[in-house]
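**Q** Let chain A serve as the given structure and place chain B on it in line with the hints.
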Amino acid sequence: MSSKTFTKPRKRDVDNAIYGVAEGEENAMRSLYELCGSAVYAYALTVCGNVYDAQDVMQDTFIKVYNAAPDYVSQGKPMSWILSIARNLCFDRFRLQARQVNVTDEALERQLGSTATDATDRLVIKSCLLQLDEEERAIVVMHAVGGVKHREIADELGIPLNTVLSKYRRAIAKLKNILEGGNNE
Amino acid sequence: MNKRSVERKVANSFEHAAPDVYQTVSAQCPARAKAASRKNTLWGWKFATCALALALVVAIVFGGVALGGLNGQTAVAASVTLDVNPSVSLQISGHRSQDYRVVNAEALNDDGKVIIGSMDLKGVQLEVAVNALIGSMLRNGYLSSLTNSVLVSVDSQEGEYSSLAKLVSDEITLKLKESQIEASVVAQWLDETTELEELAAKYGISLGKAQLIKKIIANSVDENYTEDDLARLTINELNIILSGLSITEDDLTQSGTASAQKYIGKDRALEVAFSKVESGLTQENVLGLNAKLDFNDGIMVWEVEFYYGTNEYEFEIGAITGEIVSFEREISEYVPDATQPTKTNDELKAIALERAGVTEVTDVTINIEKCWFWGAKNSVYSVWFEYENTYYEFEIDVYGSVLYSFEQKLDVTADQLMSRKAEDLRAFLESQGELSSLQNVRNLRVVTQMQTDEESGESRLVYIVTFSVDEVKYTYTIDPLNETILNKSVEERKDSIKDWFGDKWDDDWDEMFDDDYDDDWEDFFEDWGFHFDEHGGFGGKKPNNQSTATVLTEEEIKSYLLNQLRGQFGLILLEDTTEWEIELDEERGGGVYEVEFKWNNREFECDVDAFTGMLIRGTWDYVDGYTPEYPSWHHAK
Chain A
1 MSSKTFTKPR KRDVDNAIYG VAEGEENAMR SLYELCGSAV YAYALTVCGN
51 VYDAQDVMQD TFIKVYNAAP DYVSQGKPMS WILSIARNLC FDRFRLQARQ
101 VNVTDEALER QLGSTATDAT DRLVIKSCLL QLDEEERAIV VMHAVGGVKH
151 REIADELGIP LNTVLSKYRR AIAKLKNILE GGNNE
Chain B
1001 MNKRSVERKV ANSFEHAAPD VYQTVSAQCP ARAKAASRKN TLWGWKFATC
1051 ALALALVVAI VFGGVALGGL NGQTAVAASV TLDVNPSVSL QISGHRSQDY
1101 RVVNAEALND DGKVIIGSMD LKGVQLEVAV NALIGSMLRN GYLSSLTNSV
1151 LVSVDSQEGE YSSLAKLVSD EITLKLKESQ IEASVVAQWL DETTELEELA
1201 AKYGISLGKA QLIKKIIANS VDENYTEDDL ARLTINELNI ILSGLSITED
1251 DLTQSGTASA QKYIGKDRAL EVAFSKVESG LTQENVLGLN AKLDFNDGIM
1301 VWEVEFYYGT NEYEFEIGAI TGEIVSFERE ISEYVPDATQ PTKTNDELKA
1351 IALERAGVTE VTDVTINIEK CWFWGAKNSV YSVWFEYENT YYEFEIDVYG
1401 SVLYSFEQKL DVTADQLMSR KAEDLRAFLE SQGELSSLQN VRNLRVVTQM
1451 QTDEESGESR LVYIVTFSVD EVKYTYTIDP LNETILNKSV EERKDSIKDW
1501 FGDKWDDDWD EMFDDDYDDD WEDFFEDWGF HFDEHGGFGG KKPNNQSTAT
1551 VLTEEEIKSY LLNQLRGQFG LILLEDTTEW EIELDEERGG GVYEVEFKWN
1601 NREFECDVDA FTGMLIRGTW DYVDGYTPEY PSWHHAK
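If you're matching them up, the sequences are chains A and B in order.
Residue numbering for the first sequence follows the numbering used here, starting at 1 and increasing by one per position.
Residue numbering for the second sequence follows the numbering used here, starting at 1001 and increasing by one per position.
Chain A on its own, in the form it takes in the complex:
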């Protein structure tokens, strides 16, 4: 995707883009993709654990959103809605393939190499996948990449809000430590 600096997508923009897609507005799909693409990918990657599945899920998510858009009614949580679609697609894949995935540093390094050319980018992503636990990963990606509120995350994952907050804080601290060279595992 583009290399410009990332800003968290704003709810209203995402909502508008979904409505635009529903109404057949020109460029609405493109804006939706630009607003949510990396969040969907990041989320899919953290759930699936490998780049290929994540890419497929990313594609399927947007197609599903496109199909569901005419019935979309905003409840003020557009990103949660999109990520829940992504999550269900991830779960479907797990069910279909009935497998347990082993994620290794080497595998990820190889898979990420094609798109993430920067070594720091790869380190950040690998750290999210290998050093954080399931919930931490989900929380970090939803909030930092998707701009989803902690409160919505709590609803979405069915865990208490303070747990979300403390996990988020802990996860960011871990990543900070890694990025500052404290632990490069």
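Some clues are possibly wrong.
[Stated by the list, open to error] Selected chain A positions facing chain B (in silico; Cβ < 10 Å):
| # | residue |
| --- | --- |
| 1 | Ala22 |
| 2 | Gly24 |
| 3 | Glu26 |
| 4 | Thr61 |
| 5 | Ser84 |
| 6 | Leu123 |
[Unchecked claim] On the chain A side, residues computed to face chain B include the following (Cβ under 7 Å):
| # | residue |
| --- | --- |
| 7 | Met29 |
| 8 | Ser38 |
| 9 | Ala42 |
| 10 | Asp121 |
| 11 | Val124 |
| 12 | Ile125 |
| 13 | Ala144 |
[Claimed, not checked] The calculated DSS-like cross-link candidates involving lysine-lysine, where the alpha carbons are at most 27 Å apart (straight line), are:
| # | chain 1 | residue 1 | chain 2 | residue 2 |
| --- | --- | --- | --- | --- |
| 14 | A | Lys77 | B | Lys1266 |
| 15 | B | Lys1370 | B | Lys1266 |
| 16 | B | Lys1009 | A | Lys8 |
If you are wondering where the hints come from, they were derived from the structure by calculation, not from laboratory data.
Remember, it's a predicted structure, so these values are computed and weren't measured experimentally.
Every residue, glycine too, gets a C-beta built ideally from N, C-alpha and C.
**A** Same frame as chain A, now just chain B:
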């Protein structure tokens, strides 16, 4: 590296790593039949400003103005449309630095033809033309004290809009004033789009009315207004609806108040609503009262909302018939407590007199006012009286504890001071232009104090009035002898929350507030079990002054707790919960209940304030042996 930069790193890394699958996606998402395009904002005129010559041609062609008529003036063409029900459009030339003159006047409907009649307005100054048209509308009965609204739609370049709108609005207001009618003018900048033209053509209305309708619909997402409904309404009715919305836009202004004389008054509407709920119910007994005229299901209605007991009520009352059109009641999330103890006036008097050290009193007027505080369970009473040249004032809570006391020898009699009743002070502030609407004022509290003037060193009696509107707390210092406002301060609620946290407030909290709650402090309070204090500010975790209170019963605790958990878990029905264990924690002074229960495969453990039912802290976990469905993969070690 701080938290923010870690966050940004994470976001950027995924952004960079994400593959570009847009082509594949778009190939599978064929273009849908395009709905009517949405309204453009102001680009039309911005573009025109850049290409003035082109814009001029377009405007002239549209308005049918002959170029020769402009005669070398600063060449700007514009149009002003007046809508009441008659619609008249004036094409004008001129510039804000000179006179605007009418180039052509056109009736947009039959009533408009009646208004123009045989008047020839060509070449006339715009003010004069407006004066003549409004005069004609008055004579023909289109404007009166029953319908006092005029819609002014200006189609002009950006720079001309405000001066044109002001000129026309002022002229209308002045003209109606001559007939002792207070005008209400809605002025807007017209932004023509094909969509507007279609809407106007469909209902045979002016572009201006079409735009107003669109704006009302766009700004009232919760209402089910349709174009069909609104197109049938008069400008006065649309104006009434508009007053109920808070639209802040530079290019849409509203002056004066739309006449509601055709309809039953607010008092009558409240009476109808209150009598449905409980006989004898008055404004004093309810919380968060809000009443406004609105349009629903084809008729004008009074929309009345309030909290009473543990319920939230919503009424719609026919504005002409006075009959209840709809009525809803639901359990309130705020739970202002109907079962809280009360003190009778005699009890309050006794407490106040005892506190004042006054024993035998006759002929003393003791004022008692009950103040409700939203979000906290408690309300308080304000009690004040004058006895032997001394002024006494007390705030007494529902348990009889005195929260605030004031005693001062006066060199004036209390009669010389302005009324300190909350309602009168609100009206005073409104008359001073400090409050444009009383509707959202909450947690109003008045206390009397002696204040020393810094310059003169003299002390004087003042009223300190505090209240909140939305998330902002206001404090006014009022001189009750001269009826003047001495000082005013405004504090964002976040500041007072920060104060309460002190050192515990760190960047994480700050960020969480900004990220998660924006302006939605009610939600924050609900999520975290905080409350507003009796001053309308942040009250911390629980109210104090509970020493003489009695603890709540277990049933009350259950109901308060489940209500507070709604923010996070939605509605939890008592019958769905099991295995309650409620114990008063003696180690913590008997003020805290330790509560455990199970619901929906979850186990809850909470500490609840025994006096207020406020959730102090709580945790939950899934019951043993239950795992929610969540796929998992293992790290390769």
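**Q** What are the numbers of the hints the structure violates, in ascending order?
**A** 5 and 14
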